[in-house]
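These protein sequence lines map, in sequence, to chains A and B. According to this note's numbering, the first sequence is numbered sequentially starting from 378. According to this note's numbering, the second sequence is numbered sequentially starting from 378.
I should point out that these hints are in silico values taken from the structure, not numbers from a laboratory. Cβ coordinates follow ideal geometry from the N, Cα and C atoms, glycine included. Mixed in with the good hints there might be a few duds.
Just some of the chain B residues that point at chain A, by a computed CB distance under 7 Å [said to hold, decoys possible]:
#: 1; residue: Ala408
#: 2; residue: Gly410
#: 3; residue: Val411
#: 4; residue: Arg493
#: 5; residue: Ala496
#: 6; residue: Leu509
#: 7; residue: Phe513
#: 8; residue: Gly535
#: 9; residue: Leu539
#: 10; residue: Phe541
#: 11; residue: Met543
Number of protein chains: 2
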Amino acid sequence: MTTTSETTAVDTRDRLIEGAVSLLHAQAYRAVGVKALCEVAGVRKGSFYHFFSSKEDLTLAALDLSWERFRSAVIEPILTQDLDVEEQTTAIRDACLDTRGHGPHPDHPHGCIFGRLSASITNGEPLLRARLAEIFTEWAGLLGEGDDGWRALADIIGRLVLAFSMEAGPES
Amino acid sequence: MTTTSETTAVDTRDRLIEGAVSLLHAQAYRAVGVKALCEVAGVRKGSFYHFFSSKEDLTLAALDLSWERFRSAVIEPILTQDLDVEEQTTAIRDACLDTRGHGPHPDHPHGCIFGRLSASITNGEPLLRARLAEIFTEWAGLLGEGDDGWRALADIIGRLVLAFSMEAGPES
Numbered sequence: 378m379t380t381t382s383e384t385t386a387v388d389t390r391d392r393l394i395e396g397a398v399s400l401l402h403a404q405a406y407r408a409v410g411v412k413a414l415c416e417v418a419g420v421r422k423g424s425f426y427h428f429f430s431s432k433e434d435l436t437l438a439a440l441d442l443s444w445e446r447f448r449s450a451v452i453e454p455i456l457t458q459d460l461d462v463e464e465q466t467t468a469i470r471d472a473c474l475d476t477r478g479h480g481p482h483p484d485h486p487h488g489c490i491f492g493r494l495s496a497s498i499t500n501g502e503p504l505l506r507a508r509l510a511e512i513f514t515e516w517a518g519l520l521g522e523g524d525d526g527w528r529a530l531a532d533i534i535g536r537l538v539l540a541f542s543m544e545a546g547p548e549s
Numbered sequence: 378m379t380t381t382s383e384t385t386a387v388d389t390r391d392r393l394i395e396g397a398v399s400l401l402h403a404q405a406y407r408a409v410g411v412k413a414l415c416e417v418a419g420v421r422k423g424s425f426y427h428f429f430s431s432k433e434d435l436t437l438a439a440l441d442l443s444w445e446r447f448r449s450a451v452i453e454p455i456l457t458q459d460l461d462v463e464e465q466t467t468a469i470r471d472a473c474l475d476t477r478g479h480g481p482h483p484d485h486p487h488g489c490i491f492g493r494l495s496a497s498i499t500n501g502e503p504l505l506r507a508r509l510a511e512i513f514t515e516w517a518g519l520l521g522e523g524d525d526g527w528r529a530l531a532d533i534i535g536r537l538v539l540a541f542s543m544e545a546g547p548e549s
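Starting from the given sequences, assemble the full structure and let the hints guide the process.
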């Protein structure tokens, strides 16, 4: 039987992870502090360190959840359709760009946790860098073999990053 | 005749811009503060506001200088060669990736001021966003007409952002 305090602990941890997903989707890693992560989750700072040893630790959990969701909700359904590589890439890219304007933060309408983190972390976050590299490698592998997969992924990430700067985004 | 104080003023302003180019090449916008910008230029904080009204103001100057240099030193020489679009894109991309490991900051070996800024600014920096959009539009126009240019630019920016996370970078 689950006790109330256990339920609350799971809930608090989940709220921190969901809050991190939402903030890191739209803002640079350096711009997001433990204070903001606690505030968006409605969690006291003292509780934060009960669940995560650092901002990097929470970010790893947020990254894993984001990748799990994105792969199962966006990439895999598109890959099961009868599309050629270019159509697949376009569909995945459009799915990413369609989140535009629907983010939780009106100041940061364009979001992609993978692109944002990749552009904003440094060698000071080796675990994050390594996890991102694994995710990108898996993602490229889903899109095509060898450089075909990397080319398709570069197109997706490049369009997203360009869209961060363009009012209407580049034409797709 | 130029007086010593005029020479010093020009020199101080230039040092601030060069320092900003070097820091923003490798770090997220939020991670770079006025204090660090002054330190890398060897300029007192009081002097900063004599030359620039804000971090965004200095960043605009750094962005303009970077684009001017990059266009004349990298893009235009490649475009004058007898290459097809894919070869041009590869050459420009490789020129960007070749800066890997040669940056002034060993902690941030992979750099691209355009990609970094694009991924790390928000709607809170409208002038920077607008200037980046102009630069990307000009850059895409140099690479090809309409969506061909945007596709080539997305490939370049996407590969760069992926390289930020990959030890050896994606194969090119």
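Structure-based check of each hint:
With 7 Å as the threshold, the beta carbon of Ala408(B) comes within range of chain A, its nearest partner Cβ sitting at about 4 Å, so the hint holds. At a threshold of 7 Å, the smallest CB-CB gap from Gly410(B) to chain A is about 10 Å, leaving the interface hint violated. For Val411(B), the interface hint is violated, the least distance from its beta-carbon to any beta-carbon of chain A being 15 Å, above 7 Å. Restraint check, Arg493(B) versus chain A: the minimum CB separation of about 6 Å is within 7 Å; hint holds.
A hinted interface residue such as Ala496(B) counts as satisfied when its beta carbon comes closer than 7 Å to some beta carbon of chain A; here the least separation is about 3 Å, so the hint holds. At a threshold of 7 Å, the smallest CB-CB gap from Leu509(B) to chain A is about 4 Å, leaving the interface hint in force. A least Cβ separation of about 6 Å between Phe513(B) and chain A falls short of the 7 Å threshold, and the interface hint therefore holds. Checking Gly535(B) against chain A by beta carbon gives a least distance of about 3 Å; that is within 7 Å, so the hint holds.
For Leu539(B), the interface hint holds, the least distance from its beta-carbon to any beta-carbon of chain A being 6 Å, beneath 7 Å. Checking Phe541(B) against chain A: minimum C-beta separation of about 5 Å stays under 7 Å; hint holds. Annotation: interface hint on Met543(B) holds; nearest CB of chain A at approximately 5 Å, less than 7 Å.
Of the numbered hints stated above, those contradicted by the structure are hints 2 and 3, listed in ascending order.
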